[in-house]
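Work out the full structure, taking the sequences as your base and the hints as a guide.
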Amino acid sequence: MKILQLVGPSEHIEFVPAAKLSKNVDVIPVAIPVGVPVAVPAADKNASKKVGQNDTTSKEFTTVMKRMAELEEKMTTMNHQPATMPPEKEEMLNATISRADVLEKQLMDTKKALEDSLAKQEVLSAYVEKKKQKKKTFFCC
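Just so we're aligned, residue 89 is where the sequence shown starts under the numbering used here, counting upward by one.
Since the hints were derived computationally from the structure, they do not count as laboratory data. Just so you know, nobody snuck in bad clues.
Taking CB as the label site, the calculated pair distances span:
1. 213 with 175: 52 to 58 Å
2. 189 with 224: 49 to 55 Å
3. 152 with 174: 33 to 39 Å
4. 174 with 204: 43 to 49 Å
5. 203 with 224: 29 to 35 Å
Glycine included, each C-beta is placed from N, C-alpha and C at the ideal position.
This is how it looks when you write it as structure tokens:
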């Protein structure tokens, strides 16, 4: 069973480096802002006093936290901006769509013309075959 201790507003941000306390417990780096009470396992608080803080590690952690804050701010800004397309790109897209519509219409007209010519060819082919049959029967007897 883990015992939790309340970290009060009078305590500072505490950084606990990743280290093994026991066989089953890993300690993960955690930043606790000043003024925000948070429940922290009692073993973690004691471990940080035993292990001690490394200046370079806390500097790296501070740098990472600043970078994360900047990225969060950028993401918030991007999320609040409406998704708009520049007018030039919108005009280009509309021109491309209209050109595709024209090509589609031309393709349909060509398809219809080919189907009509195929039907005429079949009629002519049937007519020629009929004439051949008549010619064979006429010369045969």
